[in-house]
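These protein sequence lines map, in sequence, to chains A, B and C.
Take the first sequence: its position 281, counted from the start at 1, is 281 in full-length UniProt numbering, and no numbers get skipped.
Take the second sequence: its position 90, counted from the start at 1, is 90 in full-length UniProt numbering, and no numbers get skipped.
Take the third sequence: its position 32, counted from the start at 1, is 32 in full-length UniProt numbering, and no numbers get skipped.
There's no promise every hint is true.
To be verified - Going by beta-carbon spacing under 10 Å, a handful of chain C positions derived as facing chain A:
1. D36
2. T86
3. R115
4. S177
Stated by the list, open to error - Derived pair list, reagent style DSS-like, types lysine-lysine, alpha-carbon separation capped at 27 Å:
5. K137(A) to K121(C)
6. K28(A) to K307(A)
7. K274(A) to K292(A)
8. K264(C) to K137(A)
What the hints contain is simulated information worked out from the structure, not anything from laboratory work.
The structure presented is a predicted model; accordingly, all values stated were derived computationally and were not measured.
Backbone N, C-alpha and C define an ideal beta-carbon position, used for all residues, glycine too.
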Amino acid sequence: MVVLDIETEDGQREALRRMLTIRAFDTKAADLFSDGELPGFVHLYVGEEAVGVGACSALESDDYITSTHRGHGHCIAKGLDPDLMMAELFGKANGYCNGKGGSMHIADVDAGMLGANGIVGAGPPLATGAALTSHLKGEDTVALAFFGDGAVAQGQVHEAINLAATWNLPAVFLVENNQYGEATPVEKQHNVQNLSETAEAYNIPGFTVDGMDITAVYEAVKEARKRAADGEGPTFIEAETYRYHGHFEGDQQPYRTEEDVAIWKDRDAIESFKRRLVDAGTITEDEFDEMKAEIDQQIEDAVGKAKDAAYPDPSEAYEDMFNAAVPEISDFSSGMRADGGEDR
Amino acid sequence: MTTTIGLVVNPAAGRDIRRLTGGASVSNNYAKRRTAGCVLAGLTLADDVDVLVMPDSTGLADRIVDDAPDELGVEFVDMTVTASGRDSRTAAAHFADHADAVVVLGGDGTTRDVAQTIGDVPVVSISTGTNNVVPTPVDGTVAGAAAALVGSGAVPAAEATTRHGTIEVNVVRAEQTTVIRGLATVGVLDRPFVGTRAILDPSDIVGGVVSRSSPAEIGLSGIAGGLVTHRPDDPGGVGFRLARDGESGATAPTTVRAITVPGRLSTVDVAEHRVLDDGEDYAFEVDRGVVSVDGEREHEVRNGTVRLRPVSDGPRLVDVESVLERAASDGRFRLG
Amino acid sequence: MSTETSSGTGPDQTKEMTIREAIRLALREELERDDDVFVMGEDVGKFGGVYEVTGDLVEQFGEERVRDTPISEAGFMGAAVGAAATGTRPVVEIMFSDFIGVCSEQIINQMAKNRYMFGGKTEMPVTVRTTEGGGSGAASQHSGTIHTWFAHFPGVMAVAPATPASAKGLLKSAIRSDDPVIVFENKQIYEQKGEVPLDDDFTIPIGTASVEREGEDVTVVATQRMVGESLELAEELAGQTSVEVIDLRSLYPMDTETLVESVKKTGRLVIADESPLSYGTHAEVATRVMENAFYSLDAPIQRVGVADVHIPFSPALEEEVLPHGSDVEAAINRIV
Chain A
1 MVVLDIETED
11 GQREALRRML
21 TIRAFDTKAA
31 DLFSDGELPG
41 FVHLYVGEEA
51 VGVGACSALE
61 SDDYITSTHR
71 GHGHCIAKGL
81 DPDLMMAELF
91 GKANGYCNGK
101 GGSMHIADVD
111 AGMLGANGIV
121 GAGPPLATGA
131 ALTSHLKGED
141 TVALAFFGDG
151 AVAQGQVHEA
161 INLAATWNLP
171 AVFLVENNQY
181 GEATPVEKQH
191 NVQNLSETAE
201 AYNIPGFTVD
211 GMDITAVYEA
221 VKEARKRAAD
231 GEGPTFIEAE
241 TYRYHGHFEG
251 DQQPYRTEED
261 VAIWKDRDAI
271 ESFKRRLVDA
281 GTITEDEFDE
291 MKAEIDQQIE
301 DAVGKAKDAA
311 YPDPSEAYED
321 MFNAAVPEIS
331 DFSSGMRADG
341 GEDR
Chain B
1 MTTTIGLVVN
11 PAAGRDIRRL
21 TGGASVSNNY
31 AKRRTAGCVL
41 AGLTLADDVD
51 VLVMPDSTGL
61 ADRIVDDAPD
71 ELGVEFVDMT
81 VTASGRDSRT
91 AAAHFADHAD
101 AVVVLGGDGT
111 TRDVAQTIGD
121 VPVVSISTGT
131 NNVVPTPVDG
141 TVAGAAAALV
151 GSGAVPAAEA
161 TTRHGTIEVN
171 VVRAEQTTVI
181 RGLATVGVLD
191 RPFVGTRAIL
201 DPSDIVGGVV
211 SRSSPAEIGL
221 SGIAGGLVTH
231 RPDDPGGVGF
241 RLARDGESGA
251 TAPTTVRAIT
261 VPGRLSTVDV
271 AEHRVLDDGE
281 DYAFEVDRGV
291 VSVDGEREHE
301 VRNGTVRLRP
311 VSDGPRLVDV
321 ESVLERAASD
331 GRFRLG
Chain C
1 MSTETSSGTG
11 PDQTKEMTIR
21 EAIRLALREE
31 LERDDDVFVM
41 GEDVGKFGGV
51 YEVTGDLVEQ
61 FGEERVRDTP
71 ISEAGFMGAA
81 VGAAATGTRP
91 VVEIMFSDFI
101 GVCSEQIINQ
111 MAKNRYMFGG
121 KTEMPVTVRT
131 TEGGGSGAAS
141 QHSGTIHTWF
151 AHFPGVMAVA
161 PATPASAKGL
171 LKSAIRSDDP
181 VIVFENKQIY
191 EQKGEVPLDD
201 DFTIPIGTAS
211 VEREGEDVTV
221 VATQRMVGES
231 LELAEELAGQ
241 TSVEVIDLRS
251 LYPMDTETLV
261 ESVKKTGRLV
271 IADESPLSYG
281 THAEVATRVM
291 ENAFYSLDAP
301 IQRVGVADVH
311 IPFSPALEEE
321 VLPHGSDVEA
331 AINRIV
């Protein structure tokens with residue numbers, strides 16, 4: 001895995017590559033969904049790439065993240081393999097979760113990715129727990145929770161932050177304020193204007209950064225990570241960003257206009273970062289085009305491989321519930337009940 | 001005759017990373033709303049006052065308008081909200097033609113945005129944080145009263161305002177020149193990114209030009225202020241560059257103590273400083289760096305020349321205390 | 001027949017102690033055995049637990065590993081899930097099982113599902129200890145017996161000790177298990193005494209029932225407090241009716257084989273459990289017996305539990321709704 005240190009030119013190119021990979025992956029997922037090729041729901045990260053990649057570039061490789069239902073971007077930012085992600089979206093046996101999780105549950109605990117999560121607000125308590133592990137074991141890892149503006153209204157998010165703050169745990173709480181909780185604008189869900197103001201209630205630092213600027217997110221998380229690793233406790237960061245797609249694919253988006261979207265697209269995170277790198281001579285236009293074409297091909301290949309991959313054997317439905325074997329499940333799966341009971 | 005007062009409340013001010021990296025205090029929106037309420041109450045000191053409020057996307061301005069005293073005629077400026085510094089500039093441009101005085105709640109950045117387009121309309125600038133050079137922390141009611149007195153003409157603007165200097169910035173690169181305008185300070189920093197905008201580490205400072213300097217101020221104007229005091233309305237400014245680690249200058253540097261960010265008393269080596277005349281250039285060759293404007297990193301530079309120049313054409317800032325004292329000596333606070 | 005296993009080589013020494021002491025002993029041994037084990041919950045540390053179960057553990061293991069939490073079940077239950085996924089073995093105390101509702105999200109959607117959803121790529125070694133049972137005038141929000149919910153819910157193991165030995169053995173197995181296990185402790189029997197093996201590797205495998213008293217005429221499958229009361233009843237009835245008493249111990253997974261073997265011998269079954277009767281633990285035991293020993297049954301299966309009401313406050317009402325040995329006797333009399 002290429003280390004993502006965006007203070008270096010290599011790291012900047014890699015960050016750009018990851019942002020492009022997220023966009024290509026999720027744009028492809030949108031196409032596949034509208035063509036009816038993907039089962040279930042997909043929630044796409046297009047527009048928010050700078051937050052995931054900026055944050056993960058400020059983390060160490062053994063740090064933990066928790067994610068949301070909109071988790072593809074976090075996975076790619078953390079270094080997960082798009083081939084295995086795509087296989088999971090198709091429900092194939094070689095997917096990250098062997099086809100059991102799908103888009104909303106991609107996880108790779110060994111890579112520090114504690115799971116996308118279908119429950120809004122369920123991730124922050126898990127991050128508090130991962131930070132508790134780090135604290136109890138005296139490790140120098142940090143846990144970062146990505147969660148949305150909608151989740152800030154959830155009680156368990158408050159509990160998670162309060163616990164981490166009170167216990168001074170090495171956690172970072174990063175709100176991706178993409179301006180809508182499902183279809184409801186953020187100002188109709190919260191009585192504070194900046195969600196970072198809620199940090200005051202926990203006596204921890206809270207601030208707002210431009211989530212369309214990868215360097216801002218990177219620097220913010222870098223400082224917050226340092227504070228956490230130094231034993232000074234959690235930080236609350238609000239990254240202001242925007243999702244270009246609907247809440248879910250198929251969302252008709254009656255709650256906003258094309259002009260609303262255009263204001264944010266005008267500040268597109270990938271385009272602006274690319275422009276800065278071109279200006280600085282870190283990458284040329286040609287190299288960028290080449291990178292983009294390569295990534296598009298990589299995602300095409302991922303789709304091809306995912307389509308060709310095998311579905312899990314139906315018997316797999318009865319695996320993985322527990323580490324231990326449980327007769328209730330193994331007896332069912334072996335069809336024992338078919339004889340109606342042993343003393344018939 | 002109706003007095004029209006413009007009101008700019010920046011909902012984003014006071015929320016940046018200095019809450020983590022520096023000792024900056026928090027200015028939450030509830031506090032801003034209450035301060036704005038005080039401003040409106042202070043404005044009732046004059047009769048027949050209309051208030052034009054900059055709209056925003058957060059609901060803060062809505063609440064300010066909803067809570068306004070009945071005797072004021074309060075309306076929003078008719079403008080498109082972009083939720084960025086552009087809003088303050090748009091509102092100020094409108095006030096330049098339609099307001100008799102303007103009250104700004106925000107920090108140096110907000111005041112600078114307003115200054116770009118406000119023209120000659122007197123500005124009362126209220127700090128909503130601790131880390132500001134231009135706006136001062138003053139009670140909203142007092143500030144509102146001063147705005148009412150100046151706006152209504154009860155106290156002549158010429159006698160109660162000072163014209164603040166500005167700094168013109170030309171970033172010159174091979175094929176293009178970018179023009180930026182700063183109000184109190186413009187710096188050149190050794191940082192690769194704009195990032196979170198705030199100046200996090202004083203050791204990043206390469207140098208800069210300030211339109212005012214005083215050891216009582218925080219940041220670049222405090223560094224220059226350790227060497228020379230320059231009033232906001234003095235023509236020209238002060239340019240300086242620091243002796244960077246590993247670099248040797250022609251002359252031995254002067255070591256200066258300065259408050260560089262809230263909570264940090266720094267010791268910096270100033271390689272050179274110069275009092276600049278109005279319009280005099282002070283330039284930096286920059287391989288890789290960032291230009292900061294009024295305490296915020298603003299513009300990334302690769303292989304360019306940053307040319308800084310003090311220009312005395314800034315906003316007219318109201319001296320709140322002298323306005324009220326002048327009004328009192330005119331008997332305006334005596335009844336009967 | 002007893003299914004206790006003793007995997008260690010230590011002496012088969014036992015000591016008489018209460019269930020409360022047996023639980024504390026199990027916690028102490030596991031905290032000593034494995035540094036990854038830690039205990040957390042409301043007032044489990046300095047206060048020693050509201051039912052004094054954790055007692056003095058904090059003195060031996062310190063506040064980090066015997067960790068007082070805020071009153072924040074969703075927060076610390078979620079933290080336990082996150083901690084378990086990243087390499088620790090939390091033992092969480094939820095003071096009253098009635099409070100589980102406030103943290104059910106983390107139990108049902110995270111703890112119970114993550115391993116499966118992730119294709120087996122995480123372990124979830126969380127132990128949740130919680131109290132159940134009426135009889136102390138604590139009214140409906142502090143007296144419930146809810147274990148059916150979680151015995152029913154896939155992905156969670158559920159055990160319910162009835163004796164000091166099973167309290168120790170089951171809890172140790174729960175802590176050593178890589179799967180989530182909820183231990184339902186009936187608070188009315190914390191003072192009940194019995195012999196407990198002192199071997200620090202004494203465990204009782206989850207998924208095993210225990211025939212506590214052999215008999216020929218009727219099988220009583222009981223849980224928690226009802227085990228002791230059924231044993232007393234069996235003693236009283238000795239000479240008239242020969243009652244076999246089985247402590248179910250493990251609600252999920254369930255030891256179907258032991259139950260079926262017993263009913264094949266006796267032909268009659270009474271199920272005694274303090275949970276509400278509809279859709280319950282009783283129904284699950286009855287179904288498994290019918291699926292596997294239908295033709296051995298000589299009489300209708302009898303259920304002893306709580307009618308579908310909450311546990312009321314007034315002693316007169318509470319006594320009315322709680323099942324006792326006398327209810328088991330009545331049930332036996334209906335079918336023997």
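Next item on the list: Take a quick look at whether K274(A) and K292(A) sit within 27 Å of each other, Cα to Cα.
Entry: 11 Å, holds
Item checked: Residue hint T86(C), partner chain A, criterion CB-CB below 10 Å -> 4 Å, holds
Checklist line | Interface hint status, R115(C) versus chain A (Cβ within 10 Å) | finding: 6 Å, holds
Notebook entry, point to check: Taking 27 Å as the top limit, are the C-alpha atoms of K28(A) and K307(A) close enough?
Noted result: 13 Å, holds
Next item on the list: Given the hint that K264(C) pairs with K137(A), test it: the Cα-Cα distance must not exceed 27 Å.
Entry: 52 Å, violated
Check: With a cut-off of 10 Å, does the beta carbon of S177(C) approach a beta carbon of chain A closely enough for the hint to hold?
Finding: 7 Å, holds
Margin query: Min Cβ distance, D36(C) to chain A: is it shorter than 10 Å?
Written below: 8 Å, holds
Item checked: Given hint K121(C) paired with K137(A) - CA-CA distance at most 27 Å -> Between K137(A) and K121(C) the Cα gap is close to 22 Å, so the pair holds against 27 Å.
Hint violations for this structure: number 8 only, all remaining hints satisfied.
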